[in-house]
Amino acid sequence: MEQQATLDILYVAAFFLGGLGFAVGPFIIALLLAPRSTRNTKEKTKQLIECGMEPIGDAWIRFGIVYYLYALMFVAFAVDILFLFPVALVYNQTGQAGLNIGDLRAFVEILIFVGILSLIIIYAWKKGVFKWERKIYNQR
Amino acid sequence: MYVDPEIIRLLAFLVGVIAFAALNAAYLVWLERKEAAHIQRRIGPKEVGPFGLLQPLVDGIKLMTKQLIVPAGVDPVLFKIAPILVMVPAIMSFVTIPFSDTLVARNLDIGLLAIFAFASVNVLGLLLGAWGSRNKYAVISAARVVSQNVAYEIPMLVTVVTLVMISGTMNLSKIVGLQLGGFWNWNIFNLSASPLMPIAFLIFFVCMLAETNRAPFDMAEAESELVAGAFTEYSGMGFGVFFMGEYANIVIGASVATILFLGGWDCPFGLFPGVHWFLIKMYFLIFTVIWIRWTYPRTTFYGLLNLSWKILIPISFVNLILTSAMLKVF
Numbered sequence: 000m001e002q003q004a005t006l007d008i009l010y011v012a013a014f015f016l017g018g019l020g021f022a023v024g025p026f027i028i029a030l031l032l033a034p035r036s037t038r039n040t041k042e043k044t045k046q047l048i049e050c051g052m053e054p055i056g057d058a059w060i061r062f063g064i065v066y067y068l069y070a071l072m073f074v075a076f077a078v079d080i081l082f083l084f085p086v087a088l089v090y091n092q093t094g095q096a097g098l099n100i101g102d103l104r105a106f107v108e109i110l111i112f113v114g115i116l117s118l119i120i121i122y123a124w125k126k127g128v129f130k131w132e133r134k135i136y137n138q139r
Numbered sequence: 000m001y002v003d004p005e006i007i008r009l010l011a012f013l014v015g016v017i018a019f020a021a022l023n024a025a026y027l028v029w030l031e032r033k034e035a036a037h038i039q040r041r042i043g044p045k046e047v048g049p050f051g052l053l054q055p056l057v058d059g060i061k062l063m064t065k066q067l068i069v070p071a072g073v074d075p076v077l078f079k080i081a082p083i084l085v086m087v088p089a090i091m092s093f094v095t096i097p098f099s100d101t102l103v104a105r106n107l108d109i110g111l112l113a114i115f116a117f118a119s120v121n122v123l124g125l126l127l128g129a130w131g132s133r134n135k136y137a138v139i140s141a142a143r144v145v146s147q148n149v150a151y152e153i154p155m156l157v158t159v160v161t162l163v164m165i166s167g168t169m170n171l172s173k174i175v176g177l178q179l180g181g182f183w184n185w186n187i188f189n190l191s192a193s194p195l196m197p198i199a200f201l202i203f204f205v206c207m208l209a210e211t212n213r214a215p216f217d218m219a220e221a222e223s224e225l226v227a228g229a230f231t232e233y234s235g236m237g238f239g240v241f242f243m244g245e246y247a248n249i250v251i252g253a254s255v256a257t258i259l260f261l262g263g264w265d266c267p268f269g270l271f272p273g274v275h276w277f278l279i280k281m282y283f284l285i286f287t288v289i290w291i292r293w294t295y296p297r298t299t300f301y302g303l304l305n306l307s308w309k310i311l312i313p314i315s316f317v318n319l320i321l322t323s324a325m326l327k328v329f
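Heads up: the sequence lines are chains X and P, in that order.
Residue numbers for the first sequence follow numbering that gives the first Met the number 0, so the first one is 0 and each next one is one higher.
Residue numbers for the second sequence follow numbering that gives the first Met the number 0, so the first one is 0 and each next one is one higher.
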């Protein structure tokens with residue numbers, strides 16, 4: 000058992016290193032084959048792209064992401080789905096045939112859990128998160 | 000010198016998987032161009048080799064001989080590691096994908112969870128690359144790609160949880176093992192577990208499109224609005240590695256859909272199961288992905304988010320409840 004787990008880790012680690020090689024390799028080849036100097040006259044090779052113009056202002060500024068509320072909702076869901084994985088894994092493994100009280104309780108527990116989870120969507124829907132509208136106003 | 004046969008097996012699978020990923024990246028580009036051309040009543044690449052089959056080779060040489068430009072003012076570290084962060088998890092995911100009952104690098108017991116854990120790093124690569132580019136289009140794309148990917152991860156994971164509930168395991172080979180013996184045993188037609196199973200497959204497929212940033216959900220790239228979105232500042236090999244990573248991710252997505260819903264290496268009629276059936280199903284799904292890209296226009300951004308939050312997530316939760324009820328109560 001111990002040895003199997005070590006092998007699992009060995010395989011994943013080897014694939015990590017292989018993937019790293021496959022991702023870095025093309026860059027090394029390009030470094031060997033590609034030209035170093037640029038034949039440009041106006042010294043604009045390293046300019047950031049803004050459809051041909053000189054860039055106006057910086058890109059690293061604060062700007063309004065109106066859909067950040069979706070991200071807040073995601074945080075709640077992501078954690079809850081993590082809890083659902085172990086539940087799902089053992090859910091169908093009681094081994095008894097027919098309806099019994101343990102099965103019913105397991106189902107009701109999932110029903111309550113998912114029910115509370117669904118309230119997030121209903122709350123956000125009521126609050127108007129899903130509507131396309133401007134949420135930042137000029138302060139007067 | 001004695002070498003453990005397990006080491007040789009590992010290296011053989013590693014080389015095989017990397018060759019498979021590289022060949023797929025090369026020839027899926029060719030397939031995409033040919034298919035797009037025929038959908039639009041053009042011919043597509045035809046000059047380089049028969050049917051343009053050597054085109055990917057020429058493309059590769061072109062990408063390799065292009066200058067590696069790091070624009071002035073970008074974050075050099077983030078800018079350089081972003082393509083690698085997209086590529087590495089895609090290769091790592093292949094470690095547990097079973098192509099047939101014997102052809103699997105390592106049969107991890109938490110295979111399904113591992114694949115989704117690796118896949119979630121993909122978003123990070125796109126976000127860091129786009130933010131590190133210091134380009135306005137790329138920064139807008141960074142905000143979009145994160146909200147899109149987190150929105151579509153939920154219905155995908157809920158559908159996966161439903162399947163884990165039916166199968167009782169996260170080992171991909173065992174999940175396929177439960178579906179063997181003809182198409183009526185496949186999870187997509189497993190109506191006794193849940194009558195919504197075909198819809199669950201549809202949800203999974205749509206989420207796969209969104210997770211790999213394919214049209215009609217290609218908000219990260221959106222070339223008509225954002226030039227090239229997250230990839231605007233990347234040229235030559237930086238762009239090339241991003242694209243190889245994207246195609247590798249499509250292969251992973253199609254493989255997982257095949258394993259979870261379409262019975263993996265199982266033959267539809269219960270005869271001659273094998274790796275060829277896996278490849279046929281996987282490439283059919285990839286063909287459909289490309290077909291959708293060249294058929295449907297891009298959605299609006301709120302339309303895309305709301306499709307997930309208002310339609311896909313509620314339906315996938317209903318499916319979860321229905322499945323748990325069918326398994327226990329009835």
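One or more hints might be untrue.
Incomplete in silico selection of chain P near chain X, CB under 7 Å [unchecked claim]:
| no. | residue |
| --- | --- |
| 1 | Ile7 |
| 2 | Leu9 |
| 3 | Arg40 |
| 4 | Ile42 |
| 5 | Pro70 |
| 6 | Met91 |
| 7 | Val138 |
| 8 | Ala150 |
Subject to a maximum C-alpha distance of 20 Å in a straight line, what follows is the list of computed SDA-like cross-link-like pairs (lysine to any residue) [unchecked claim]:
| no. | chain 1 | residue 1 | chain 2 | residue 2 |
| --- | --- | --- | --- | --- |
| 9 | P | Lys309 | X | Trp124 |
| 10 | P | Lys61 | X | Phe26 |
| 11 | P | Lys79 | P | Lys309 |
| 12 | P | Lys61 | X | Trp124 |
| 13 | P | Lys65 | P | Phe50 |
| 14 | X | Lys43 | P | Lys309 |
| 15 | P | Lys309 | X | Leu118 |
| 16 | X | Lys43 | X | Leu31 |
Ranges of calculated distance between the beta carbons of each label pair, as one might list FRET restraints [as the list claims (entries may be wrong)]:
| no. | chain 1 | residue 1 | chain 2 | residue 2 | range |
| --- | --- | --- | --- | --- | --- |
| 17 | X | Ala70 | P | Thr64 | 33 to 43 Å |
| 18 | P | Ile60 | X | Leu9 | 48 to 58 Å |
| 19 | X | Ala75 | P | Thr64 | 47 to 57 Å |
| 20 | X | Glu1 | P | Glu46 | 56 to 66 Å |
| 21 | P | Leu53 | X | Lys125 | 26 to 36 Å |
| 22 | X | Tyr122 | P | Phe19 | 39 to 49 Å |
| 23 | P | Leu270 | X | Ile121 | 43 to 53 Å |
| 24 | X | Ala75 | P | Leu53 | 32 to 42 Å |
| 25 | P | Glu46 | X | Leu9 | 20 to 30 Å |
Derived from the structure by calculation, the hints contain no laboratory data.
Think of the CB as a built atom: it goes at the ideal place given N, C-alpha and C, for glycine as much as any other residue.
Against the structure, the hints:
no.	hint	in the structure
1	Ile7	violated (12 Å)
2	Leu9	holds (5 Å)
3	Arg40	violated (31 Å)
4	Ile42	violated (30 Å)
5	Pro70	holds (5 Å)
6	Met91	holds (5 Å)
7	Val138	holds (5 Å)
8	Ala150	holds (6 Å)
9	P:Lys309 / X:Trp124	holds (8 Å)
10	P:Lys61 / X:Phe26	holds (13 Å)
11	P:Lys79 / P:Lys309	violated (37 Å)
12	P:Lys61 / X:Trp124	violated (50 Å)
13	P:Lys65 / P:Phe50	violated (26 Å)
14	X:Lys43 / P:Lys309	violated (46 Å)
15	P:Lys309 / X:Leu118	holds (13 Å)
16	X:Lys43 / X:Leu31	violated (24 Å)
17	X:Ala70 / P:Thr64: 33 to 43 Å	holds (41 Å)
18	P:Ile60 / X:Leu9: 48 to 58 Å	violated (36 Å)
19	X:Ala75 / P:Thr64: 47 to 57 Å	holds (49 Å)
20	X:Glu1 / P:Glu46: 56 to 66 Å	holds (58 Å)
21	P:Leu53 / X:Lys125: 26 to 36 Å	violated (58 Å)
22	X:Tyr122 / P:Phe19: 39 to 49 Å	holds (46 Å)
23	P:Leu270 / X:Ile121: 43 to 53 Å	holds (49 Å)
24	X:Ala75 / P:Leu53: 32 to 42 Å	violated (51 Å)
25	P:Glu46 / X:Leu9: 20 to 30 Å	violated (46 Å)
The structure fails to meet hints 1, 3, 4, 11, 12, 13, 14, 16, 18, 21, 24, 25 from the earlier list, while all remaining hints are met.
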